[in-house]
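Taken in sequence, the protein lines are chains H and Z. For the first sequence, the positions run 2 to 404 when the numbering used here is used. For the second sequence, the positions run 2 to 404 when the numbering used here is used.
I should point out that these hints are in silico values taken from the structure, not numbers from a laboratory. Be aware that a few hints might be false.
Covered stretches of chain Z, as calculated for chain H (at least 3 residues, CB under 8 Å) [claimed, not checked]: (1) 135-144; (2) 180-191.
Facing chain Z, a subset of chain H residues (Cβ under 8 Å, in silico) [said to hold, decoys possible]: (3) E132; (4) S133; (5) Q135; (6) L136; (7) E139; (8) H140; (9) E142; (10) Y143; (11) A146; (12) K147; (13) K149; (14) Y188; (15) S267.
Within a straight-line C-alpha distance of at most 20 Å, the following computed EDC-like cross-link-like pairs (lysine to aspartate or glutamate) qualify [unchecked claim]: (16) K149/H with E96/Z; (17) K149/H with D81/Z; (18) K23/Z with E96/Z; (19) K147/Z with D69/H; (20) K40/H with D189/Z; (21) K40/H with D151/Z; (22) K400/Z with E179/Z; (23) K372/Z with D211/Z; (24) K332/Z with E275/Z; (25) K237/Z with D247/Z; (26) K147/Z with E240/H; (27) K40/Z with D151/H; (28) K187/Z with D69/H; (29) K183/Z with E132/H; (30) K147/Z with E112/H; (31) K253/Z with E228/Z; (32) K149/Z with D81/H; (33) K149/Z with E112/H.
This structure is a prediction, so every number in the text was calculated from the model and none was measured. Every residue gets a Cβ at the ideal spot worked out from N, C-alpha and C, and that includes glycine.
Here is how the chains run, residue by residue.
2 protein chains.
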Amino acid sequence: MSTKPRIVVLGAGYAGMMTTKKLMKNLSPEEAEIILVNKHNYHYQTTWLHEVAAGTINQNQARIMISDIISPNRVRLIYDTVVEIVKDENRIVLENSELTYDYLVISLGYETNTFGIEGMQEHAFFIENFESCQLIREHMEYQFAKYKNDPDADESSLTILVGGGGFTGIEFVGELVEKVPKLCRKYDIDRGKAKIINVEASPTILPGFDKNLVAYARKSLQERGAEIREGARIKKCTEEGFFVGDDNELIKAGTIVWTGGVTGNSILGKSGFELTKGKVTVNSDLRAPGYENIFILGDCAWVMNKVENRPYPPTAQAAMQHASTCGNNIKALLNQEPLEDFVFSDKGTVASLGVTDGMGTIFSGTKLFGKTAAAMKKVVDDRYLFLLGGPKLFLKKGKVRPF
Amino acid sequence: MSTKPRIVVLGAGYAGMMTTKKLMKNLSPEEAEIILVNKHNYHYQTTWLHEVAAGTINQNQARIMISDIISPNRVRLIYDTVVEIVKDENRIVLENSELTYDYLVISLGYETNTFGIEGMQEHAFFIENFESCQLIREHMEYQFAKYKNDPDADESSLTILVGGGGFTGIEFVGELVEKVPKLCRKYDIDRGKAKIINVEASPTILPGFDKNLVAYARKSLQERGAEIREGARIKKCTEEGFFVGDDNELIKAGTIVWTGGVTGNSILGKSGFELTKGKVTVNSDLRAPGYENIFILGDCAWVMNKVENRPYPPTAQAAMQHASTCGNNIKALLNQEPLEDFVFSDKGTVASLGVTDGMGTIFSGTKLFGKTAAAMKKVVDDRYLFLLGGPKLFLKKGKVRPF
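With the hints as constraints, model all of the structure from the sequences given.
Shown next as structure tokens:
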């Protein structure tokens, strides 16, 4: 009988994958049993989902078989869906089995938050996971194919309406301005008939970003045919489109995508964790308050920036740094050593605006625009692949090929 | 003022394209003005439409810009839709203009015939033209994408139901048995969940074909996962699927395609031609009875096989031979020489069953099976490209590349 402590990691996103990697490195096989639970047998690049949704990337470049990265001989891989975490019994209920744990890492990612906007849940698509993005891509293309076969078709069926002008919404629009002209050519449709409209409630898109960067992004997207509607609050979403602003203007569209908000996985609430806006505010060592053996990482966690007294933004960058701290802290717990506090090291943020354009900041605020930013974004994407799977994965799925 | 006789060719399918080419060769620019009218600026390979519909070919391989083949300096190209032929005034009404002619060639192709089966027109897709086949491809893929996003989805939404086991239906099923496994991999769906069902009312599929060839095709498709329902009459088509047989069994499907019948273009009837099963029975010189200056070719014409006292089957091969006779006869009319009778030279028929399988007969009844037949089918396809556009087109769009 094994008496090794059992560590269970829930979710194979950025945080879950990197935590598992870190644990494999920090611990010998004799020190602990590691189990990784994930709904699918693949890990996908959440930060590339806007490209899958637009259909501007080969979808398989954006996903990786988990067993290609994490050896099933070293880590037990369970492909199943989490139903509930019974935290006071150290037990997890999966759809097809149950599991107990000594240490638990919850890295189950985000779900879309519609902020209760009427009809959004029913009528909009979400950039939420690999499958939901495949559906957006196919739905869009289906609208173009249908338009050409229906003599009475309304041009608005070609319109793609993107709710939310945050990071994901704008990166998605950046892909659409490249994809839509291609769809128009494929289906012999005048480019002028297919509109791309972004709707943001705040006075500007990309709230929180530097003004010059925002202006650059806005201009770049507008010049390539996107319509940017700022200060436009969505009142209601119907099958037809959005109703916006005080005069309830209807913007009609054949494809409606909501990118305006995310929250932590709903398993957290179902399992009785105390939530703040759908996430758990963790201790500075990333553990759930009141639980010595439960870590919560990535988009499920609020990690406070104590200097500015607000949580760090939920990014892949942060999730990967959480993983590193968590991996060290689990080792410390096993060795009965003191735990370390999470310290966020901001490496900057770069947004893509299609394949050849982008903008952002790196290091301590150096601004990047255009091709340089687009190239840097690809370097960021590739760096992650390298960290995750070494040179082999980088060569297989990377965006910048060295040869 | 030009006093040259004007020849108008309606439709740029196999018959219209080859007639125009033949006229360009037979006549000097001084002898006649040639006008080609077509709905789109491209010609498409009708015999490749099943591949466009299944998504097993790059769609642009299956279409050719008309102006790449026929010089607009030599032939006036009008991209418009025919509304009516006012044949007693030698006049054609188009959607956006009108035209008069001295000689007219009607090669407007086929439309789908549902034989009045209830609901078929409303609920089934047709392998009818380039755009309708793009829609089939996108609809199918959309079903797979939707299935993965709907926890309550019915497996039958993945079923592709093909009504009609004739040449087109069977060639389409041949593509589906290769496409569906790819869709299943793309969307992580068990291959067993996605059914391909072909329904044919006759006692066997491919009525009129040699028994051994039919048996070969049936076995090939069944072994690759298609279900072949022979002797199954479709009573009704609804949104859900087909009701078949005397016990009104419902076969449910997410994609319903009807390939069971074609008829001539409905413009023939609207223009007052006397019809037999939707087509015009032409004289042996391919002219419309009672009209000295109107030729009717391809799928719009019944051309009688006088030996067997029944019409020749409507094939691309026949259409191209019609074109040759028609081109010669127009030259004869201009020169006041006697016209020639159409004589069909049967070069055989080969059906594809996917990329690497097929069956058929060539020359005088030599049977071909498997890879040989598949290769021969590609040679047939390439031969047409060569006839149409010479080595350049063959190299650009051909299926068998010499290097």
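Tested hints:
1. 135-144: Holds: 7 residues of the region 135-144 of chain Z have a Cβ under 8 Å from chain H.
2. 180-191: holds (count 3)
3. E132: 4 Å, holds
4. S133: Holds, about 6 Å.
5. Q135: 5 Å, holds
6. L136: 4 Å, holds
7. E139: 4 Å, holds
8. H140: H140/H check passes; min Cβ-Cβ to chain Z is 7 Å, inside 8 Å.
9. E142: 5 Å, holds
10. Y143: 5 Å, holds
11. A146: For A146/H, the interface hint holds, since the closest Cβ of chain Z sits about 4 Å away, which is under 8 Å.
12. K147: 6 Å, holds
13. K149: The hint holds - K149/H has a Cβ within 8 Å of chain Z, the shortest such distance being about 4 Å.
14. Y188: 7 Å, holds
15. S267: Not OK, violated: S267/H not within 8 Å of chain Z, min 14 Å.
16. K149/H with E96/Z: Distance ~17 Å between K149/H and E96/Z Cα, so the pair holds.
17. K149/H with D81/Z: 15 Å, holds
18. K23/Z with E96/Z: Cα-Cα ~27 Å, so violated.
19. K147/Z with D69/H: 28 Å, violated
20. K40/H with D189/Z: Holds, because 12 Å separates the two Cα atoms, which is no more than 20 Å.
21. K40/H with D151/Z: Answer holds: K40/H to D151/Z is near 15 Å, not above 20 Å.
22. K400/Z with E179/Z: Between K400/Z and E179/Z the Cα gap is close to 17 Å, so the pair holds against 20 Å.
23. K372/Z with D211/Z: 18 Å, holds
24. K332/Z with E275/Z: Not satisfied, since the Cα-Cα distance of roughly 26 Å exceeds 20 Å.
25. K237/Z with D247/Z: OK: K237/Z and D247/Z at ~12 Å, within 20 Å.
26. K147/Z with E240/H: At roughly 17 Å apart (the allowed maximum being 20 Å), E240/H and K147/Z satisfy the hint.
27. K40/Z with D151/H: This hinted pair holds, its Cα atoms lying about 15 Å apart.
28. K187/Z with D69/H: Cα-Cα ~18 Å, so holds.
29. K183/Z with E132/H: 16 Å, holds
30. K147/Z with E112/H: 18 Å, holds
31. K253/Z with E228/Z: 13 Å, holds
32. K149/Z with D81/H: 15 Å, holds
33. K149/Z with E112/H: 17 Å, holds
Of the hints listed earlier, those the structure fails to meet are numbers 15, 18, 19 and 24, in rising order.
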